[in-house]
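**Q** In case you want the letters, here they are:
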Amino acid sequence: MMKSLLLSLKTAPFSLLIGLLMAASTTMLPSCMAPFDAMGTENVNSIATKLPALMGKATEAYTKHEAEVTSLTSDLDKAVSHAASMKKNKEVAESWRLLQTDLVAPFLARWKDKGKLDKDFIKEATTQVTKSLDAIKRAEMAKKK
Amino acid sequence: MPGKGQEIQDALDGLDDQITTMVSEFVKRRRKHYEEAAKKLHASLKKDIRRYGEMLEEKKINRDDFEMLVQGRWTQVKIELLSELSVSKAKFEDIAGEILKITFKTLLVII
Chain A
1 MMKSLLLSLK TAPFSLLIGL LMAASTTMLP SCMAPFDAMG TENVNSIATK LPALMGKATE
61 AYTKHEAEVT SLTSDLDKAV SHAASMKKNK EVAESWRLLQ TDLVAPFLAR WKDKGKLDKD
121 FIKEATTQVT KSLDAIKRAE MAKKK
Chain B
1 MPGKGQEIQD ALDGLDDQIT TMVSEFVKRR RKHYEEAAKK LHASLKKDIR RYGEMLEEKK
61 INRDDFEMLV QGRWTQVKIE LLSELSVSKA KFEDIAGEIL KITFKTLLVI I
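First to last, the sequence lines map onto chains A and B.
If you use our numbering, the first sequence corresponds to residues 1 to 145, in order.
If you use our numbering, the second sequence corresponds to residues 1 to 111, in order.
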């Protein structure tokens, strides 16, 4: 009777220790992806609001919106740098890079070059940017808090 | 009488089927998801490229616009695929966490 009581007293702390180890393992286990990134989410939400709105203004003269373009280009640079600086964030960082170099930069360069762009072209290019930002947002939201 | 080590070994062996089923179900679900996503991406890509072609034919856009839109659409696909990969990694973490929980729960019962 005494022996079993002593044994139960011994096993209880041991179980507790295992429980603590379990909790520690699940939280400290090497993860294959970056944890939830509040700034990354904020970046994608902010740019998803500003960028399509600016692209919609490309029917007007580029010179009229040059300051807005500079500001947005700077925001985009920051978002790209932030994503690249995060560990285990390869896919999201590459998505931002592609968005900047292959979608936004050519559009802005064309606007600057031609002065104004046609509404049909703008509509299609804006849809591509919006859907790409939606995809980046989905990837950011999948990260664990 | 078998020692604690043997008891733990037996319990872990007993988990083999459960873990195999869990991983197998996960892979099946993801595969189905990938197939559906690939079909959807391809259908949407074809629809958009056809529309750009029609716009070019109707002279709503010029040749340079068309080429830029096709190039941009390809970039969109790449970004969407990267997003799928990222979401899939998160789901993989879920299943890895579940396996770890089951293993520890089993060991706790024995210990």
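None of these hints come from the bench; they were simulated from the model.
C-beta atoms are modelled at their ideal positions from N, C-alpha and C, and glycine is treated no differently.
Hints may contain errors.
In silico BS3-like links for lysine-lysine, alpha-carbon gap of 27 Å or less [what the hints assert, rightly or not]:
1. B:Lys32 to A:Lys90
2. B:Lys101 to A:Lys119
3. A:Lys112 to A:Lys90
4. A:Lys144 to B:Lys60
5. A:Lys123 to B:Lys91
6. A:Lys90 to B:Lys40
7. A:Lys145 to B:Lys101
8. A:Lys119 to B:Lys60
9. B:Lys28 to A:Lys137
10. B:Lys91 to A:Lys90
11. A:Lys123 to B:Lys78
Over 10 Å on every C-beta distance to chain B, these chain A residues come out as not near it, computed from the model [said to hold, decoys possible]:
12. Val69
13. Ser71
14. Lys78
15. Ser81
16. Val92
17. Asp102
18. Lys131
**Q** Does each hint fit the structure? Answer for all of them.
**A** These are the hints, each one checked on the structure:
1. B:Lys32 to A:Lys90: 25 Å, holds
2. B:Lys101 to A:Lys119: Cα-Cα ~55 Å, so violated.
3. A:Lys112 to A:Lys90: Violated, at about 31 Å.
4. A:Lys144 to B:Lys60: At roughly 45 Å apart (the allowed maximum being 27 Å), Lys60 of chain B and Lys144 of chain A break the hint.
5. A:Lys123 to B:Lys91: 34 Å, violated
6. A:Lys90 to B:Lys40: Holds, at roughly 24 Å.
7. A:Lys145 to B:Lys101: Holds. Lys145 of chain A to Lys101 of chain B sits at ~19 Å (cutoff 27 Å).
8. A:Lys119 to B:Lys60: 9 Å, holds
9. B:Lys28 to A:Lys137: Holds: Lys28 of chain B and Lys137 of chain A sit about 26 Å apart, inside 27 Å.
10. B:Lys91 to A:Lys90: 17 Å, holds
11. A:Lys123 to B:Lys78: With Cα atoms ~20 Å apart, Lys123 of chain A and Lys78 of chain B stay inside 27 Å; holds.
12. Val69: Fine: 18 Å to the nearest Cβ keeps Val69 of chain A off the interface.
13. Ser71: Holds, since 23 Å exceeds 10 Å.
14. Lys78: 19 Å, holds
15. Ser81: Consistent with the label, Ser81 of chain A stays out of reach of chain B, its closest Cβ about 18 Å off (over 10 Å).
16. Val92: Val92 of chain A is in fact no farther than 10 Å from some Cβ atom of chain B, at 6 Å.
17. Asp102: Check fails; 4 Å does not lie beyond 10 Å.
18. Lys131: Its Cβ does come within 10 Å of chain B, the nearest being 6 Å, so this is violated.
Comparing the model with each earlier hint shows violations of hints 2, 3, 4, 5, 16, 17, 18; every other hint is respected.
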